[in-house]
Amino acid sequence: MILKIACLLMLLCLLIATPAESATNWNWVQTGGGCYTADVVFSEVQQGLAYARTDVGGAYRWDNATSQWVPMLDSTSWTESHLNGVLSVAASPQNANKVALACGLYTNAWDPLNGVILTSGNRGVTWTKTVMPFKIGGNMPGRNMGERLAYDPNNDSILFYAASDGNGLWKSSDGGITWAQVTSFPNPGNWSPAATDSNDIFNRTPGVVWVAFDKRTGTQGNATQTLYVGVADKNNAIYVSTNGGTSWSRLAGQPTGFLCHRGIVEPSLGYLYTTWNDSGGPFDGGKGDVWKYSIASATWTRISPVPSSDSSLGWGYDGIAIDRSNPSTLMVGTQSAYWPDGALWRSVDGGVTWSKSWEFTNNGASRSFRAVMDVSAVPWMANPGTYTAPLYNIQLGAAVAGISIDPFNSNNVFVCSGWGGLWRSTNLTCWVPGGSGTCTLTVGSRGIQGNAITDMISPPSGALLLTTMLDLGGFRHTDLTTVPSTRHPLMWFDNSSIDFAENNPNQIVRVGKGQAGNGDPGRCIALSSDNGISWTEPNQPANTLRGGTVASSCSGTANLVWAPVGDVSVPVSYSTNSGNNWFSSTGIPSGAQVRADRVTPGKFYGFLYGNFYVSTNQGASFASTASGLPTWGDMRPVFGRAGDIWLAGETDGLWHSTNSGSNWTKLANVAESWTIGFGKAAPGQSYPAIYMGGRIGSVYGIYRSDDGGANWTLMTDSARSYGALNGSLTADRNLYGRCYSSTGFGGVVYSTITSANAPVANGTYRIISRLSGKALDANGTGDGTQIIQWPYWGGPMQQWTVTDTGNGQYSIVGVESGKALDVEFGGTNDGAKVQLYSNWGGNMQKFTFTPTDSGYFRITPVSSPNSCLDVTGISTADGAYIQQWTYWGGSGQQWSIQNP
Numbered sequence: 002m003i004l005k006i007a008c009l010l011m012l013l014c015l016l017i018a019t020p021a022e023s024a025t026n027w028n029w030v031q032t033g034g035g036c037y038t039a040d041v042v043f044s045e046v047q048q049g050l051a052y053a054r055t056d057v058g059g060a061y062r063w064d065n066a067t068s069q070w071v072p073m074l075d076s077t078s079w080t081e082s083h084l085n086g087v088l089s090v091a092a093s094p095q096n097a098n099k100v101a102l103a104c105g106l107y108t109n110a111w112d113p114l115n116g117v118i119l120t121s122g123n124r125g126v127t128w129t130k131t132v133m134p135f136k137i138g139g140n141m142p143g144r145n146m147g148e149r150l151a152y153d154p155n156n157d158s159i160l161f162y163a164a165s166d167g168n169g170l171w172k173s174s175d176g177g178i179t180w181a182q183v184t185s186f187p188n189p190g191n192w193s194p195a196a197t198d199s200n201d202i203f204n205r206t207p208g209v210v211w212v213a214f215d216k217r218t219g220t221q222g223n224a225t226q227t228l229y230v231g232v233a234d235k236n237n238a239i240y241v242s243t244n245g246g247t248s249w250s251r252l253a254g255q256p257t258g259f260l261c262h263r264g265i266v267e268p269s270l271g272y273l274y275t276t277w278n279d280s281g282g283p284f285d286g287g288k289g290d291v292w293k294y295s296i297a298s299a300t301w302t303r304i305s306p307v308p309s310s311d312s313s314l315g316w317g318y319d320g321i322a323i324d325r326s327n328p329s330t331l332m333v334g335t336q337s338a339y340w341p342d343g344a345l346w347r348s349v350d351g352g353v354t355w356s357k358s359w360e361f362t363n364n365g366a367s368r369s370f371r372a373v374m375d376v377s378a379v380p381w382m383a384n385p386g387t388y389t390a391p392l393y394n395i396q397l398g399a400a401v402a403g404i405s406i407d408p409f410n411s412n413n414v415f416v417c418s419g420w421g422g423l424w425r426s427t428n429l430t431c432w433v434p435g436g437s438g439t440c441t442l443t444v445g446s447r448g449i450q451g452n453a454i455t456d457m458i459s460p461p462s463g464a465l466l467l468t469t470m471l472d473l474g475g476f477r478h479t480d481l482t483t484v485p486s487t488r489h490p491l492m493w494f495d496n497s498s499i500d501f502a503e504n505n506p507n508q509i510v511r512v513g514k515g516q517a518g519n520g521d522p523g524r525c526i527a528l529s530s531d532n533g534i535s536w537t538e539p540n541q542p543a544n545t546l547r548g549g550t551v552a553s554s555c556s557g558t559a560n561l562v563w564a565p566v567g568d569v570s571v572p573v574s575y576s577t578n579s580g581n582n583w584f585s586s587t588g589i590p591s592g593a594q595v596r597a598d599r600v601t602p603g604k605f606y607g608f609l610y611g612n613f614y615v616s617t618n619q620g621a622s623f624a625s626t627a628s629g630l631p632t633w634g635d636m637r638p639v640f641g642r643a644g645d646i647w648l649a650g651e652t653d654g655l656w657h658s659t660n661s662g663s664n665w666t667k668l669a670n671v672a673e674s675w676t677i678g679f680g681k682a683a684p685g686q687s688y689p690a691i692y693m694g695g696r697i698g699s700v701y702g703i704y705r706s707d708d709g710g711a712n713w714t715l716m717t718d719s720a721r722s723y724g725a726l727n728g729s730l731t732a733d734r735n736l737y738g739r740c741y742s743s744t745g746f747g748g749v750v751y752s753t754i755t756s757a758n759a760p761v762a763n764g765t766y767r768i769i770s771r772l773s774g775k776a777l778d779a780n781g782t783g784d785g786t787q788i789i790q791w792p793y794w795g796g797p798m799q800q801w802t803v804t805d806t807g808n809g810q811y812s813i814v815g816v817e818s819g820k821a822l823d824v825e826f827g828g829t830n831d832g833a834k835v836q837l838y839s840n841w842g843g844n845m846q847k848f849t850f851t852p853t854d855s856g857y858f859r860i861t862p863v864s865s866p867n868s869c870l871d872v873t874g875i876s877t878a879d880g881a882y883i884q885q886w887t888y889w890g891g892s893g894q895q896w897s898i899q900n901p
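Under our numbering, think of the first position of the sequence shown as 2, with each following residue one higher.
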């Protein structure tokens with residue numbers, strides 16, 4: 002092979018030094034959830050505020066007005082993608098703005114990265130990072146236990162963190178900025194799922210797993226004296242300190258033989274409630290109990306809905322919640338109850354009696370429900386396939402982890418249930434133990450991302466986007482802002498690759514891991530002839546166990562090439578009759594990545610370990626055409642150009658061939674390239690726009706080239722980095738500037754190029770609150786007139802002239818008064834008055850518009866760049882004042898700009 006380094010030194014210096022930046026909006030492709038959510042933590046001081054943690058998908062803040070979750074870690078950089086594994090979350094019980102996260106993905110030897118504690122004073126808009134001297138495993142066994150992070154309820158400068166893998170208990174006295182090990186703590190936890198596991202996966206120890214304070218033993222501003230700590234040790238599970246953590250003792254009389262997953266102190270009645278399991282979870286465990294400990298009498302009472310001594314018990318317990326408004330009201334859930342489904346229990350007498358969320362009826366042939374599941378908001382949560390009672394296609398989930406009852410509203414509860422997702426009820430108290438009423442569980446995961454994307458396509462017609470992913474199979478998206486109604490039917494578990502016939506986009510093929518049952522024959526390949534709406538499963542090569550990569554000839558899916566995976570070596574295979582018969586391809590090794598030329602029928606490419614292969618006879622035989630390429634990479638042919646191929650060579654840069662892989666050129670202006678895709682050409686250009694996830698110079702991100710790779714424009718920024726964007730990428734054939742990229746923590750984001758002038762054109766508008774749907778209104782015309790919100794009726798006091806003043810800044814002038822929107826005295830403090838004032842052009846009369854999502858903007862005074870226009874008190878009332886407040890992402894801080 003001939004390698005051509007096609008770049009002059011001067012051009013190289015210019016291109017690498019300063020890649021251009023574009024004005025690009027990024028938004029999430031909506032799926033309605035799908036990530037494993039381990040816990041939800043409510044604020045005890047701000048109603049409507051809660052936080053959720055996921056194992057690989059980051060952390061989220063609840064937006065009560067829109068009933069969905071807002072991501073807090075979109076700014077995670079490429080090199081810090083591990084921060085989106087969140088093992089614990091804590092909300093300050095004194096200050097609604099304070100929140101802390103314990104972040105990291107793995108504790109195995111092969112992961113070199115230590116864990117990080119993130120702290121925020123503005124509800125997760127910005128973070129302070131402290132790197133810990135040990136690893137944190139947000140995606141490790143035992144991630145369901147907790148919570149490990151805890152603020153002292155009397156002094157939120159004090160936090161404790163319960164660490165895994167022998168690292169013990171840690172304390173911070175400055176709000177989480179610096180940490181020291183509590184050397185007096187006696188037990189780091191010795192239990193592991195499989196101590197002798199040679200693969201270094203299940204031999205790790207969950208360690209110290211939860212911290213709970215007894216608030217009654219402290220005074221405001223001083224350290225709480227009594228706290229309890231749970232340890233993964235079946236004989237010594239709970240320790241207590243009565244002097245603020247200076248010394249410790251084993252809590253007397255505690256149960257043995259099980260792991261204590263969670264502990265919660267209920268101060269008004271004086272109990273420590275605990276859940277127990279014979280394993281760490283999140284998806285295993287066969288026995289367990291629920292115990293409560295009377296702090297006053299130092300006595301234990303087993304309150305299990307089904308005790309471990311019951312021979313019918315096939316699960317343990319993990320999630321537990323106390324209704325702070327009614328402290329005798331409890332909820333618990335099953336850990337690893339797979340058939341027919343997981344369950345919840347509710348008690349209103351402190352655990353003396355329990356009501357189950359479902360019961361068998363008709364001698365076990367069906368079930369009746371006290372908690373009825375409604376998936377209408379996220380309809381794909383109804384599993385594909387055919388089910389026979391007592392199994393149903395809507396399932397709570399086998400592994401209930403966190404259960405959280407709103408301390409301000411007894412009807413509001415979140416239930417984290419493993420593969421079943423995140424559920425929410427807003428009428429919990431309708432489920433009265435001993436009565437006949439039912440509550441409704443709706444899908445509570447709107448806004449949470451974390452789906453593990455494996456491949457994507459954006460056909461030139463039909464659906465905008467089709468994905469494949471682990472666990473859920475994938476989705477067909479016809480609208481990026483609405484949740485799909487279904488997942489891919491058939492082969493609905495792990496999917497690995499998808500392709501369409503270039504000349505007939507209705508014909509699509511995908512491959513993955515078969516799962517027989519519920520109407521699915523369990524094969525590892527599926528075909529569609531209607532653009533992914535319906536699917537059939539053809540035959541497959543012998544010994545195939547899962548997908549690998551697949552390619553369709555541009556002429557149609559009658560001609561397929563597939564590189565499947567099995568326990569034994571499975572050859573690359575081809576079919577010329579839509580998968581009815583398969584034959585082994587020659588000249589190409591098993592496991593190669595396969596793609597189809599987008600122009601020439603029957604022409605396919607293969608790539609493996611730096612070697613390139615070409616077939617011109619429908620995949621029957623391949624010839625080696627090049628070697629010495631990067632060992633790893635993502636190879637993608639360009640649509641509309643025969644023999645034109647790009648190879649994203651990971652740390653070995655970006656490579657290009659225009660003669661079917663015989664010769665390759667390495668681009669000198671790209672340092673790293675991990676993903677590559679092609680979309681509609683820029684205006685005035687003929688070559689498709691190229692989109693790449695990688696590094697140019699020292700800057701990682703998503704880049705676009707409009708001139709075949711000669712120049713690159715950076716599309717992401719520090720606020721929208723999304724972790725390591727090295728998974729999968731494709732682009733839109735019909736809309737220039739639109740690409741789709743999986744993120745470093747799951748899910749898909751898509752780009753939209755904004756106007757060259759800025760997000761808002763000069764003009765007269767009404768400005769509408771996302772929170773209330775009401776308009777910005779001036780109730781008067783004089784200097785100092787307070788700005789309020791009011792239902793829009795079209796009056797001139799509700800219309801505003803927006804004018805670009807340069808540098809991305811705007812004046813906003815009332816149509817009725819002719820006076821400027823103004824922050825009183827140019828203050829930077831929270832609560833500063835937003836008013837009318839004679840227009841003189843000061844920075845307190847200039848604003849920037851920053852897109853959030855779905856057409857809304859943060860409106861920021863230039864005089865206070867960390868602030869925004871905010872509806873006082875998160876109010877929806879007529880006449881509520883508009884103020885300046887630190888931006889934290891709430892719906893009361895987001896505005897739509899609409900024609901009057």
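It cannot be assumed that every hint is accurate.
SDA-like mimics (lysine to any residue), calculated; alpha carbons at most 20 Å apart, straight line [what the hints assert, rightly or not]:
1) LYS172 to THR218
2) LYS216 to GLY287
3) LYS357 to SER295
4) LYS172 to SER121
5) LYS172 to GLU81
6) LYS681 to ASN735
7) LYS216 to GLU267
8) LYS172 to PHE203
9) LYS172 to ASN200
10) LYS235 to GLU267
11) LYS235 to PHE203
12) LYS834 to PRO866
13) LYS357 to LEU392
14) LYS834 to GLY856
15) LYS834 to ASN900
16) LYS130 to THR80
17) LYS357 to PRO268
18) LYS514 to TRP536
19) LYS357 to VAL307
20) LYS130 to THR179
21) LYS834 to ASN763
22) LYS130 to ALA181
23) LYS172 to PRO194
24) LYS130 to GLU81
25) LYS216 to PRO187
26) LYS681 to ARG734
27) LYS681 to GLY644
28) LYS681 to ASP472
What the hints contain is simulated information worked out from the structure, not anything from laboratory work.
Consistency of the hints with the structure:
1. LYS172 to THR218: holds (18 Å)
2. LYS216 to GLY287: violated (34 Å)
3. LYS357 to SER295: violated (25 Å)
4. LYS172 to SER121: holds (17 Å)
5. LYS172 to GLU81: The given pair, whose Cα atoms are some 24 Å apart, is violated under the 20 Å limit.
6. LYS681 to ASN735: Given that 20 Å is the threshold and the Cα spacing comes to 6 Å, the pair holds.
7. LYS216 to GLU267: Holds, at roughly 9 Å.
8. LYS172 to PHE203: violated (27 Å)
9. LYS172 to ASN200: Violated. LYS172 to ASN200 sits at ~32 Å, over the 20 Å cutoff.
10. LYS235 to GLU267: It is violated: about 24 Å lies between the C-alpha atoms, which goes past 20 Å.
11. LYS235 to PHE203: Holds, at about 17 Å.
12. LYS834 to PRO866: holds (16 Å)
13. LYS357 to LEU392: holds (17 Å)
14. LYS834 to GLY856: At roughly 26 Å apart (the allowed maximum being 20 Å), GLY856 and LYS834 break the hint.
15. LYS834 to ASN900: violated (26 Å)
16. LYS130 to THR80: Measuring from Cα to Cα gives roughly 14 Å; hence the hint holds.
17. LYS357 to PRO268: violated (26 Å)
18. LYS514 to TRP536: Between LYS514 and TRP536 the Cα gap is close to 15 Å, so the pair holds against 20 Å.
19. LYS357 to VAL307: holds (10 Å)
20. LYS130 to THR179: Answer holds: LYS130 to THR179 is near 10 Å, not above 20 Å.
21. LYS834 to ASN763: Not satisfied, since the Cα-Cα distance of roughly 25 Å exceeds 20 Å.
22. LYS130 to ALA181: holds (16 Å)
23. LYS172 to PRO194: Measuring from Cα to Cα gives roughly 27 Å; hence the hint is violated.
24. LYS130 to GLU81: holds (11 Å)
25. LYS216 to PRO187: violated (23 Å)
26. LYS681 to ARG734: Measuring from Cα to Cα gives roughly 5 Å; hence the hint holds.
27. LYS681 to GLY644: holds (19 Å)
28. LYS681 to ASP472: violated (32 Å)
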